[in-house]
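In the order they appear, the protein sequences are chains C and G.
Here our numbering is used: position 223 in the first sequence is 469, and no number is missing along the way.
Here our numbering is used: position 258 in the second sequence is 272, and no number is missing along the way.
Don't take every hint at face value.
Claimed, not checked - Computed list of lysine to any residue pairs in SDA-like fashion (alpha-carbon distance at most 20 Å, straight line): (1) LYS296(C) to GLY71(G); (2) LYS369(C) to ASP154(G); (3) LYS369(C) to THR144(G); (4) LYS369(C) to GLY158(G); (5) LYS369(C) to VAL150(G); (6) LYS296(C) to ARG174(G); (7) LYS296(C) to HIS353(C); (8) LYS369(C) to TRP278(G); (9) LYS296(C) to GLY158(G); (10) LYS369(C) to ILE155(G); (11) LYS369(C) to GLY282(G); (12) LYS296(C) to THR69(G); (13) LYS296(C) to ASP177(G); (14) LYS369(C) to THR128(G); (15) LYS369(C) to ASP273(G); (16) LYS296(C) to GLY178(G); (17) LYS369(C) to HIS129(G); (18) LYS369(C) to GLY139(G); (19) LYS296(C) to ALA266(G); (20) LYS200(G) to GLU41(G); (21) LYS200(G) to GLY36(G); (22) LYS369(C) to ARG272(G); (23) LYS45(G) to LEU190(G); (24) LYS369(C) to ALA276(G); (25) LYS508(C) to VAL519(C); (26) LYS296(C) to GLY73(G); (27) LYS508(C) to ALA541(C); (28) LYS369(C) to ARG279(G); (29) LYS369(C) to GLN152(G); (30) LYS45(G) to GLY71(G); (31) LYS369(C) to ARG143(G); (32) LYS296(C) to ASP176(G); (33) LYS485(C) to ALA283(G); (34) LYS296(C) to GLU175(G); (35) LYS200(G) to ALA43(G); (36) LYS296(C) to PRO567(C); (37) LYS296(C) to VAL268(G).
Stated by the list, open to error - Covered stretches of chain C (in silico footprint by chain G; criterion: 3 or more residues with CB under 8 Å from a CB of chain G, positions within the stretch not fixed): (38) 296 to 308; (39) 373 to 381; (40) 429 to 436.
What the hints contain is simulated information worked out from the structure, not anything from laboratory work.
Even for Gly, the Cβ is constructed at its ideal location relative to N, Cα and C.
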Amino acid sequence: MTDVRADATAPPDRTAVTGRRRRGRRGRGEQPMVPDASFQSYYGRPVLKKPTWEARDIAGYLFLGGLAGASSVLAAGAQLTNRPGLARGAKTGALVGISGSLFALVHDLGRPARFLYMLRMVKPTSPMSIGTWLLMAYGPAAGAAAVSEWTGVMPRAGRAAALAAGVVGPAVAAYTAPLMANTAVPAWHGGHRELPFVFVGSAAAAAGGLGMVTAPVSEAGPARRAAVLGAALEVAAAKRMARGMGLAAEPLHTGRGGSLMKAAEILTVAGAVAGGVLGRRSRTAAVLGGLASLAGSACTRFGVFHAGVQSAEDPKYTVRPQRERLRDQ
Amino acid sequence: MTDTRDTQPRMGFFTDTSVCIGCKACEVACKEWNAVPGPAGSAGLNFTGDSYDNTGGLGADTWRHVAFIEQRTPPGGQENIGSTVDLGMPGMPGEHDRSEFRWLMASDVCKHCTHAACLDVCPTGALFRTEFGTVVVQEDICNGCGYCVPACPYGVIDQREDDGRVWKCTMCYDRLGAGQEPACAKACPTDSIQFGELDVLRARADERLAQLHEAGVGDARLYGRDPADGVGGNGAFFLLLDEPEVYGLPPAPVVTTRDLPAMWRRAGAAAATLLVGLAATFLGRKR
Ligand code: SF4
Chain C
247 MTDVRADATA PPDRTAVTGR RRRGRRGRGE QPMVPDASFQ SYYGRPVLKK
297 PTWEARDIAG YLFLGGLAGA SSVLAAGAQL TNRPGLARGA KTGALVGISG
347 SLFALVHDLG RPARFLYMLR MVKPTSPMSI GTWLLMAYGP AAGAAAVSEW
397 TGVMPRAGRA AALAAGVVGP AVAAYTAPLM ANTAVPAWHG GHRELPFVFV
447 GSAAAAAGGL GMVTAPVSEA GPARRAAVLG AALEVAAAKR MARGMGLAAE
497 PLHTGRGGSL MKAAEILTVA GAVAGGVLGR RSRTAAVLGG LASLAGSACT
547 RFGVFHAGVQ SAEDPKYTVR PQRERLRDQ
Chain G
15 MTDTRDTQPR MGFFTDTSVC IGCKACEVAC KEWNAVPGPA GSAGLNFTGD
65 SYDNTGGLGA DTWRHVAFIE QRTPPGGQEN IGSTVDLGMP GMPGEHDRSE
115 FRWLMASDVC KHCTHAACLD VCPTGALFRT EFGTVVVQED ICNGCGYCVP
165 ACPYGVIDQR EDDGRVWKCT MCYDRLGAGQ EPACAKACPT DSIQFGELDV
215 LRARADERLA QLHEAGVGDA RLYGRDPADG VGGNGAFFLL LDEPEVYGLP
265 PAPVVTTRDL PAMWRRAGAA AATLLVGLAA TFLGRKR
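Only chain C is shown next, with the shape it has when bound in the complex (with noise of 0.2 Å):
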């Protein structure tokens, strides 16, 4: 066996490959946030282990999480004001949305009987064992109202199941925050002040939009303005997360993730609108407005999924961040 490398030069000549690298400018038309510097590395190599969730598992699990949690609320509202289509749609949602998400759990796990072991402990430091205690007390209760709303059984306790999973479903909706940030993936942990805003306002714009797509336009007056009110939430404090997050705010704005978010602003914005406003008078504005506002948030989701997978890809997001933290010190 000889040269591995193509360059086979003898030892004194041969260039030192330290993984010191300068980067140049990149990003078509974004500018980045914080100017380019070098940094050291070791040949490039990240310095974190990338997430190895699968995006259609994980992302996909957060938004149908989301959905299902801000739907149980519409729903609940629905039914205490006499809304009967726009809470049978809610609470189909929201029925799909969990078991939805739980199969995307699973289907992550690799086996079934995987999940259980999660059931060993409560453990508060582990978001992802409080988010399952949560879906066990949600779950039932999302499950229990779509039942006895759709076959008739049980009607009062389909009621008082349905109150239930409004209150627990929040909680639902704001706990993924705490599940992604609790890492040390750059994008992910640096928003891990706005990120549980970013995420109930993608919620109540996706439930809202779920609202205006199955109820008739009498009834969704609360979808719209819950599209609205997710929107302009989302909108608002993802800005702001991408603010103060300085360089790991940078996969957000570029390649994957950048272009994801971008789509959900524009989707979430005109779901907003073309719903929210015009679906007033329109059925067929609200429905596509719904649609729009559903798009934008799964985008939402999958855009912070893989912001994330690109900040843990690149040394420079876990290596620049902490070089100026010890300067600083």
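Got chain C; can you put chain G with the ligand on it based on the hints?
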């Protein structure tokens, strides 16, 4: 067996990279003792082209990893390199340039953090702290959720593709239980890897650092020794001859769970915002 939790001191590794010769005996001994499989698919052979490093980094199937760094810097970072004695050894033309070249080698391993993010985020309790103060995965409890992988600030722990569970250095938990030192430390021919009581190792490392500084190796520094750092200090710490990031180590890692109370508070506020906000959409208007 008696409960040794109160009397058993915390055990650790001190890896003095200034005497590492890059023999990879630690990598081999670790693989052999722990029956760690070779890389899947490639028949165990993989040439990265990055100096003599063909394992690339720590992972599910590499629990000790020797890094190789080639630099145009005086050997050992010695500041008095100008006065090296000519030993009259036969050499190549341009012999004197050779003193401008150095080769750093370092055997990396799980840091067995005092505040271990992997352990904190594990939802099943598969990761636990042993009576030796080390952090170990129980393979029969790990359910492959993968949460510990992005949580580790050093990129140590990783999933094995075939079974989905996570694997990393156990500091040879089985050997420690039998009063033996870990396989890597046992195999290391230069004592670059030292195993022992953490307090003793810290004192020894301080001495070694002072010795190197006195000898003019101003670049020498300890990494992971400080119990006041972002992870509360490492159970496995290092003496390095350059910045940590040159070795692929994060310069100032912080355990993510330090911010978790703040995250829960913000998430609680966000959940309340969602509940109140959505309730408000039902107020006022009829439709
Ligand atoms: S280095 Fe990573 S895997 Fe090892 S104890 Fe610390 S957090 Fe866990």
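Each hint, compared with the structure:
Note on LYS296(C) and GLY71(G): the hinted pairing holds, with a Cα-Cα distance of about 13 Å set against a maximum of 20 Å. Restraint check for LYS369(C) and ASP154(G): satisfied, since their Cα atoms lie roughly 19 Å apart, inside the 20 Å limit. Between LYS369(C) and THR144(G) the alpha-carbon distance is near 18 Å, which keeps this suggested pair within the 20 Å criterion. The straight-line distance between the Cα atoms of LYS369(C) and GLY158(G) is roughly 17 Å, inside the 20 Å bound, and the hint therefore holds.
At most 20 Å may separate the alpha-carbon atoms for a hinted pair to count; LYS369(C) and VAL150(G) meet this at roughly 18 Å. About 14 Å separates the Cα atoms of LYS296(C) and ARG174(G), which keeps this hinted pair within 20 Å; it holds. For the suggested pair LYS296(C) and HIS353(C), the alpha carbons sit about 19 Å apart, so the restraint of at most 20 Å is met. With a CA separation close to 13 Å, the supplied pair LYS369(C) and TRP278(G) stays within the 20 Å bound.
A distance of roughly 15 Å separates the Cα atoms of LYS296(C) and GLY158(G); the hinted pair therefore holds under the 20 Å criterion. A distance of roughly 15 Å separates the Cα atoms of LYS369(C) and ILE155(G); the hinted pair therefore holds under the 20 Å criterion. Between LYS369(C) and GLY282(G) the alpha-carbon distance is near 17 Å, which keeps this suggested pair within the 20 Å criterion. Taking the CA atoms of LYS296(C) and THR69(G), the gap is near 17 Å; set against the 20 Å cutoff, the hint holds.
Restraint check for LYS296(C) and ASP177(G): the C-alpha separation of about 18 Å stays at or below 20 Å, so the hint holds. For the hint linking LYS369(C) to THR128(G), the alpha-carbon distance of about 18 Å falls within 20 Å, and the restraint holds. Our distance criterion of 20 Å between C-alpha atoms is met by LYS369(C) and ASP273(G), whose separation comes to about 16 Å. A distance of roughly 15 Å separates the Cα atoms of LYS296(C) and GLY178(G); the hinted pair therefore holds under the 20 Å criterion.
The suggested pairing of LYS369(C) with HIS129(G) holds, with an alpha-carbon distance near 15 Å, which does not exceed 20 Å. Between LYS369(C) and GLY139(G) the CA atoms are separated by roughly 9 Å; this keeps the pair inside 20 Å, and the hint holds. The suggested pairing of LYS296(C) with ALA266(G) holds, with an alpha-carbon distance near 19 Å, which does not exceed 20 Å. Note on LYS200(G) and GLU41(G): the hinted pairing holds, with a Cα-Cα distance of about 12 Å set against a maximum of 20 Å.
The suggested pairing of LYS200(G) with GLY36(G) holds, with an alpha-carbon distance near 15 Å, which does not exceed 20 Å. Taken as a hint, the LYS369(C) and ARG272(G) pair is honoured in the structure, with Cα atoms around 15 Å apart against an allowance of 20 Å. Pair hint LYS45(G) plus LEU190(G) holds up; C-alpha atoms about 17 Å apart against a cutoff of 20 Å. A distance of roughly 16 Å separates the Cα atoms of LYS369(C) and ALA276(G); the hinted pair therefore holds under the 20 Å criterion.
With a CA separation close to 17 Å, the supplied pair LYS508(C) and VAL519(C) stays within the 20 Å bound. Taking the CA atoms of LYS296(C) and GLY73(G), the gap is about 11 Å. The hint holds against a cut of 20 Å. With a C-alpha separation of about 12 Å, the suggested pair LYS508(C) and ALA541(C) falls inside the 20 Å cut-off, and the hint holds. Only pairs whose Cα atoms come within 20 Å are accepted, and LYS369(C) paired with ARG279(G) is accepted, the gap being roughly 16 Å.
Restraint check for LYS369(C) and GLN152(G): the C-alpha separation of about 17 Å stays at or below 20 Å, so the hint holds. For the suggested pair LYS45(G) and GLY71(G), the alpha carbons sit about 14 Å apart, so the restraint of at most 20 Å is met. Annotation: proposed proximity of LYS369(C) to ARG143(G) holds, straight-line Cα distance about 15 Å (limit 20 Å). For the proposed pair LYS296(C) and ASP176(G), the alpha carbon gap of about 18 Å is at most 20 Å, so the pair holds.
With a C-alpha separation of about 18 Å, the suggested pair LYS485(C) and ALA283(G) falls inside the 20 Å cut-off, and the hint holds. Between LYS296(C) and GLU175(G) the CA atoms are separated by roughly 14 Å; this keeps the pair inside 20 Å, and the hint holds. With a CA separation close to 8 Å, the supplied pair LYS200(G) and ALA43(G) stays within the 20 Å bound. A threshold of 20 Å between alpha carbons decides the hint, and for LYS296(C) with PRO567(C) the separation of about 18 Å falls inside it, so the pair holds.
Between LYS296(C) and VAL268(G) the CA atoms are separated by roughly 17 Å; this keeps the pair inside 20 Å, and the hint holds. Evaluation of the coverage hint for the segment 296 to 308 of chain C: fulfilled, as 4 residues show C-beta separations to chain G shorter than 8 Å, against a requirement of three. Against chain G, the segment 373 to 381 of chain C contributes 4 residues with a C-beta closer than 8 Å to a partner C-beta. That satisfies the three-residue criterion, and the hint holds. Check on the segment 429 to 436 of chain C: 5 of its residues sit with their Cβ under 8 Å from a Cβ of chain G, so the three-residue criterion for coverage holds.
Hint check: no violations occur; every hint is consistent with the structure.
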